[in-house]
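Once you've looked at the hints, dock chain B against the given chain A.
2 protein chains.
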Amino acid sequence: MAGDDHALARGERFIDFQTDPSRYRHWKLDIDGEVANLTMDVDENGGLFEGYQLKLNSYDLGVDIELADAVQRLRFEHPKVKVVILRSGKNRVFCAGANIRMLAGATHAHKVNFCKFTNETRNGLEDSSENSGQRFVTVVNGTAAGGGYELALATDHIILADDGAAAVALPEVPLLAVLPGTGGLTRVVDKRKVRRDHADYFCTIEEGIKGKRAVAWRLVDEIVPNSKLETRVAACAREFAAASKRSGSGKGITLTPLSRTIGESAIRYGHVSVEIDRDARIASISIAAPETPPPADIEGMIAQSASFWPLRLARELDDAILHLRLNELQTAMLVFKSHGEGAKVLAYDAFLEANKSHWLVNEIRHYWKRVLKRIDVTSRTLVALVEPGSCFAGTLAELVFAADRSYMLIGSREGDNRPPPSIGLSAMNFGAYPMSHGLTRLGSRFQADPSDLDRARAQIGKALDAEEAEALGLVTFALDDIDWDDEVRVFLEERASFSPDGLTGMEANLRFVGPETMESKIFSRLTAWQNWIFQRPNAVGEEGALRRYGTGQKAQFDTTRV
Amino acid sequence: MAGDDHALARGERFIDFQTDPSRYRHWKLDIDGEVANLTMDVDENGGLFEGYQLKLNSYDLGVDIELADAVQRLRFEHPKVKVVILRSGKNRVFCAGANIRMLAGATHAHKVNFCKFTNETRNGLEDSSENSGQRFVTVVNGTAAGGGYELALATDHIILADDGAAAVALPEVPLLAVLPGTGGLTRVVDKRKVRRDHADYFCTIEEGIKGKRAVAWRLVDEIVPNSKLETRVAACAREFAAASKRSGSGKGITLTPLSRTIGESAIRYGHVSVEIDRDARIASISIAAPETPPPADIEGMIAQSASFWPLRLARELDDAILHLRLNELQTAMLVFKSHGEGAKVLAYDAFLEANKSHWLVNEIRHYWKRVLKRIDVTSRTLVALVEPGSCFAGTLAELVFAADRSYMLIGSREGDNRPPPSIGLSAMNFGAYPMSHGLTRLGSRFQADPSDLDRARAQIGKALDAEEAEALGLVTFALDDIDWDDEVRVFLEERASFSPDGLTGMEANLRFVGPETMESKIFSRLTAWQNWIFQRPNAVGEEGALRRYGTGQKAQFDTTRV
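Quick note, the sequences are listed as chains A and B, same order.
Counting along the first sequence from 1, when you hit position 185 you're at 183 in this note's numbering, and nothing is skipped either side.
Counting along the second sequence from 1, when you hit position 129 you're at 127 in this note's numbering, and nothing is skipped either side.
To be clear, the hints were calculated from the coordinates, so they are not data collected in a lab.
Glycine is no exception: its CB is placed at the ideal position from the N, C-alpha and C atoms.
Check before you lean on any hint, since a few could be wrong.
Chain A is faced by these chain B residues, among others (derived, beta-carbon under 8 Å) [said to hold, decoys possible]:
1. 110
2. 171
3. 279
4. 329
5. 445
6. 507
7. 509
8. 537
9. 538
10. 555
11. 559
12. 560
Beta-carbon label-pair distances, calculated as ranges [as the list claims (entries may be wrong)]:
13. B/558 - A/259: 20 to 28 Å
14. A/458 - B/237: 35 to 43 Å
15. A/448 - B/247: 36 to 44 Å
16. A/260 - B/558: 46 to 54 Å
Below, simulated SDA-like cross-link-like pairs (lysine to any residue); rule was C-alpha separation at most 20 Å, straight line [as the list claims (entries may be wrong)]:
17. A/189 - B/446
18. A/189 - B/512
19. B/210 - A/469
20. A/191 - B/438
21. B/26 - B/75
22. A/210 - B/189
23. A/191 - B/75
24. A/191 - B/437
25. A/191 - B/512
26. B/189 - A/513
27. A/189 - B/189
28. B/335 - A/409
29. B/189 - A/443
30. B/191 - A/445
Isolated chain A, as found in the complex:
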């Protein structure tokens, strides 16, 4: 299901994105007041797949799943933590980056999806810093190579041990014929603003850069002798904590295990259920509205903790998307459906808007933003079907706006006594959930005439029927009962017949209208080039650098410059 050369280790039948600190194999999370230590100490025998060892703190998707979990829990479970110190648990080794034997043996699809997830995790560190005030400091105590340095690049401050040995390096091009593709190239020049010719030099040497030049070239923020390292790290943690905007008050909530059953062709959560039709290559994701109104106040929300509808739903949806991405590679389309009362969804949106200054509400809003961003970069056709009984309102309407195509039924179905479907807008559709390129989904949609955005805003809170929604530009097609079945069926069948690659490329272009940000550049310019290289014989062929690495045989290159 996942790799052609490797089977999942320990007899696992799918890649599971759920974990918690008690189950970590590769990371340790220690909380000490305002400071957390997040220590990478990879179990070399704990690889996700069989067939390789995770030496020198190299990582695979399994290691990154734990990191993503830790970063998420820091935000929800540890509101007091203002600074996270990212460290290595190995002596004189920080992290050797993505495991090369894992990469060499992985399918193209796994490589691409692995990088996508690791990119999302690193973007998540930056999101935490920017929006939760949890600042990240990396202590590089040895070599931080490739993905190791890319991890450091995603943090706010890099301290490099000045011991004549510790160095940062991006040796992918000279060693492996691939790119530092987990944001490395982009963050070096766009975030750390390393001069492009210095970056060129840095990215073509195997041994990396250490000492004063590492600071002069902006590759790290400071170098500190080993004898003073811990003192400086402690001082740095104090400085960042003092400057953090995180309130530091309040008790965290526990992200309790998701209730989930994964069957052969269905996944059931509390508010999300997924049906997988493998013949049609469709995964239908059905989302349930809340059954009860929102709590009366913040205390009520905290009492509900991880069961609070918006949080629970976000976690379930996130897990479902990741599961489908990595484990159901033949799926061509994600078809979003919903059921329940749109008014209740809007009531929760109102709660999230009225209480947005509360730290937990802030976390939930930013989490929804990240889940929706994850959907935007998922390489499956996204479809929304707005049918009787559905509740695409406010936050849930973002799924309609994220879709490549949406269909909405005009009126009712014969023999169906549910009322005609409606779409509702809330304040959340106008700023809470920017895409990775900085625009909201409605903003992206209404590039031609920004006044369309004002027309939509004027409808906040109203139940818009299919013809109104179509007139406002909120859905692609409004269809009546006579046409619905045929039109939707033909669309889904045709879509499944197209080249998956053509669709991936087309959707990656059409979804991101307008500007780019560092984050979107990572997913477009950098990732698209890396995907190309991951397909090229010079990297992945029998004689390519990725396959030949560590064999003692030199890679053989086709020297044509393309």
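Frame of chain A, contents of chain B only:
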């Protein structure tokens, strides 16, 4: 040299980018006062390679070389022309796009370079419109499919015949499993601002869109019945001419044939000479400073016509770059050298700056901008060697700033009585030559601290030695005579040993620091995805859609979504 399946037609030994209207096979250029008619009438037996016919106004690189030539001549030779009407010479067919059998038979490298050049040509139409006031109106008299519609998208105004048959279409994804990769996807949503879900629909139907929906969805600007088509086109031409900022005065200058000899391992022009070392995989491009001072005034420049140093040099350099790109695919590096008096180069820059409001000076400046942009997106490592006798000043210093890496000699060489090299800056380095992403090369270079830009500006006109240039951040490394030979040799040898693909991807990322524009998005997001698809079996494999097209056999797809 160019394709694996196809040999160049008519016994040509290389792809030649030089042509003129008397030699066009595929286009007609007719000038009528302020209006030019540029008519595409492809000779189906005039393909650049053997093995295919250019039916239905489909095109290959040879067709596009003529288009690029025509657009260029319109700017220089026809200052009175304010509107260009782009038409088809075929009855009820506009243009079927890039020839599919050509694409199916071309090497990966040729496909990629073909698309790059056609993209540059289309960007050139937009540059002409924006900066020369030559507006383009397309008359779509039949089907404009794929690249045919992409050509129309690059113009200012699209008139579609309303005859129940004429349509615009981007059928690449459903028919061919590739992208509308010559800007199509990007221009549909970013330039014409077609709503992204409408674009999704449009790009997945084979038959395209015609009539009122084409206007409502912003795919064309207007539809006109055939009976009124010519009247409307004439009126439209008048409207655009009236609104043009092109002065319309002055006599054009003739772009006379370049003086050029192309030998086995050297190409000689008047001011440019290229030495190709195939063992080292290096093409050295040497540029000569002017030997005489600039003319005293505009009349003097016009008298020099195409021999005016900046114009002649730009044409020669452009031709050399294109020749190397398409015909010397094994070349790993372009090494820029120069010789002559930097002061004379600066004197020409001063002339170009003092007279920038003159239409011809304006054209020359924008042409230099385009040549430099072409260098930026050339997939070869760019190196500048600043040695004694060189003249990297002002406009020529842009080559140093375009380079991935630059080396400058400190002092003189033993036994060389030429003075130490210097670099000079002019006003032209601070705005005249933006890269495709909108920043100048110095602006890109000094992202970390914009005050570096002010420090550099303060040095305009001075001869900066190696240590000064290094301190200002203008060169990568300043080396003395003792280190020079070894350092440069090791760098060039190492660089040639790396994977060409890894370098292409790395350079494409590091060169474009910071923002993106529609133009840069076309070269990054869109092109990088297309290059990936051009490597995928679903498109180019034996059973892929590009190979199977027209055979009656259906393509077979690996249905894994990546």
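Going through the hints against the structure:
1. 110: holds, 5 Å
2. 171: holds, 4 Å
3. 279: This interface hint holds because 7 Å falls under the 8 Å limit.
4. 329: holds, 6 Å
5. 445: holds, 4 Å
6. 507: Result: holds, 4 Å to nearest chain A Cβ.
7. 509: holds, 6 Å
8. 537: Since chain A brings a Cβ to about 7 Å from residue 537 of chain B, closer than 8 Å, the hint holds.
9. 538: Violated. Min distance 10 Å.
10. 555: holds, 5 Å
11. 559: With Cβ-Cβ at 5 Å, under 8 Å, it holds.
12. 560: Holds - the Cβ of residue 560 of chain B comes within 8 Å of chain A, reaching about 5 Å at its closest.
13. B/558 - A/259: 20 to 28 Å: holds, 26 Å
14. A/458 - B/237: 35 to 43 Å: holds, 41 Å
15. A/448 - B/247: 36 to 44 Å: holds, 39 Å
16. A/260 - B/558: 46 to 54 Å: Given about 21 Å between the Cβ atoms, the range is violated.
17. A/189 - B/446: Holds, at about 9 Å.
18. A/189 - B/512: OK: residue 189 of chain A and residue 512 of chain B at ~9 Å, within 20 Å.
19. B/210 - A/469: holds, 16 Å
20. A/191 - B/438: holds, 16 Å
21. B/26 - B/75: holds, 15 Å
22. A/210 - B/189: violated, 46 Å
23. A/191 - B/75: With a Cα-Cα distance of about 43 Å, the restraint between residue 191 of chain A and residue 75 of chain B is violated, given a limit of 20 Å.
24. A/191 - B/437: holds, 14 Å
25. A/191 - B/512: holds, 9 Å
26. B/189 - A/513: Given pair residue 189 of chain B, residue 513 of chain A holds - Cα atoms ~12 Å apart, limit 20 Å.
27. A/189 - B/189: violated, 28 Å
28. B/335 - A/409: violated, 72 Å
29. B/189 - A/443: holds, 14 Å
30. B/191 - A/445: It holds: about 6 Å lies between the C-alpha atoms, which stays within 20 Å.
In summary, the structure is inconsistent with hints 9, 16, 22, 23, 27, 28 from the numbered list given earlier, while agreeing with the others.
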